[in-house]
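Asks: Sequence:
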Amino acid sequence: MSVVAVDCHAHVLDHDYSLSETRNYDPEGGQFGSAARFLSVLDAHGLSHGLLVAAEPYGFDNQCMLDGIARSNGRLKGVALVKPDISDYDLEALCSAGVVGIRYNLTSFGMTQFLHPATDRLFSRLAELGLFLQIHCEHDEIVEVMPLLNRDGLRVMIDHFGRPDVSRGIEQPGFQALLELGRRGDNVVKLSGPFRCSHEMPLYDDVTPFIQAAIKAFTLDNCVWGSDWPFVRVAERIDYGPEYACVANWLPDAGDQKKILADNPARLFGFS
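All you need for the numbering used here is the position in the sequence shown, starting with 1, plus 287.
Please note: incorrect hints may appear among the correct ones.
Beta-carbon label-pair distances, calculated as ranges [said to hold, decoys possible]:
(1) Lys503 <-> Asn311: 29 to 37 Å
(2) Asp372 <-> Thr506: 28 to 36 Å
(3) Val534 <-> Gly557: 34 to 42 Å
(4) Glu458 <-> Ser307: 35 to 43 Å
(5) Arg324 <-> Met398: 30 to 38 Å
(6) Asp407 <-> Arg455: 29 to 37 Å
(7) Gly456 <-> Asn536: 14 to 22 Å
(8) Glu308 <-> Leu402: 19 to 27 Å
(9) Ser395 <-> Gly317: 27 to 35 Å
(10) Pro496 <-> Glu523: 33 to 41 Å
(11) Pro539 <-> Ala384: 31 to 39 Å
(12) Ser374 <-> Glu431: 42 to 50 Å
None of these hints come from the bench; they were simulated from the model. Even glycine gets a Cβ: it sits at the ideal position worked out from N, Cα and C.
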């Protein structure tokens with residue numbers, strides 16, 4: 288299937304897979320969504336491919352995501368959750384299974400993952416293998432780890448344009464750190480999940496200055512879009528269509544839309 292449009296941030300939660308006993312949240316019944324269901328959502332909205340992010344309720348067990356990728360006929364790839372001391376063999380196996388990055392979560396785990404003794408070597412391996420370090424953070428959390436991210440070959444990808452506190456404006460330290468990452472040239476930002484920081488749903492007018500600043504710093508070539516389906520850990524109902532429509536609201540030019548939805552994901556993650 289040719290690359291028409293890619294949703295670069297979604298999770299799969301399937302009742303057929305056991306949740307981790309140490310999970311940090313329990314997904315509600317309506318927030319479960321299998322890989323097959325996600326593909327149906329993509330089909331319904333005219334998208335061709337998707338980038339899955341392993342769901343935290345499974346801990347470091349990526350099997351639910353990996354099985355979804357394996358059954359997708361090349362339509363899905365993934366970002367895995369791993370322990371910092373993962374073996375070379377297991378990391379390379381993830382690559383072979385369609386994984387294009389690993390995720391560290393500052394919001395859930397603070398500095399724990401970044402300060403692990405094995406993290407330095409893991410980051411070197413990510414650079415060698417061409418894998419992204421995807422970081423989930425909010426507000427000013429990214430500031431503390433900035434010195435750790437300045438290394439040759441390590442490409443960083445930021446979830447949800449850093450989930451800024453929109454009431455503090457674009458000058459807040461965390462968002463300025465995100466913009467610095469963008470100006471370094473090889474890092475990527477996901478223009479995803481505006482509902483996680485906006486106070487003006489469903490049009491998200493209050494996040495527009497942040498989106499435009501992120502696009503300018505990272506350049507359009509290093510921006511991708513994601514829905515954050517199936518919209519876990521939110522009180523309000525979120526529908527896929529309006530989230531997808533954000534792309535046209537933020538980028539009225541059809542060529543710019545094609546770049547962020549198709550060209551960039553194909554180049555960055557190897558979709559074809």
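Asks: Run every hint past the structure and note whether it holds.
Replies: Results of checking the hints against the structure:
Between Lys503 and Asn311 the CB atoms are about 34 Å apart, so this pair conforms to the stated range of 29 to 37 Å. Taking the beta carbon of each, Asp372 and Thr506 are about 35 Å apart, inside 28 to 36 Å as hinted. Distance hint check for Val534 and Gly557: the Cβ-Cβ separation is about 21 Å, which falls outside the suggested range of 34 to 42 Å. For the pair Glu458 and Ser307, the beta carbons lie near 39 Å from each other, so the given range of 35 to 43 Å is met.
The hinted range of 30 to 38 Å is satisfied by Arg324 and Met398, whose Cβ atoms lie roughly 35 Å apart. Remark: the range hint 29 to 37 Å for Asp407 to Arg455 is upheld by a beta-carbon distance near 32 Å. Taking 14 to 22 Å as the suggested C-beta distance range, the pair Gly456 and Asn536 conforms, at roughly 20 Å. For the pair Glu308 and Leu402, the beta carbons lie near 24 Å from each other, so the given range of 19 to 27 Å is met.
For Ser395 paired with Gly317, a C-beta distance near 22 Å fails the hint of 27 to 35 Å. Between Pro496 and Glu523 the beta carbon distance is about 22 Å. The supplied range of 33 to 41 Å is therefore violated. The hinted range of 31 to 39 Å is satisfied by Pro539 and Ala384, whose Cβ atoms lie roughly 38 Å apart. The hinted range of 42 to 50 Å is not satisfied by Ser374 and Glu431, whose Cβ atoms lie roughly 28 Å apart.
Hint check: violations occur at hints 3, 9, 10, 12; the rest are consistent with the structure.
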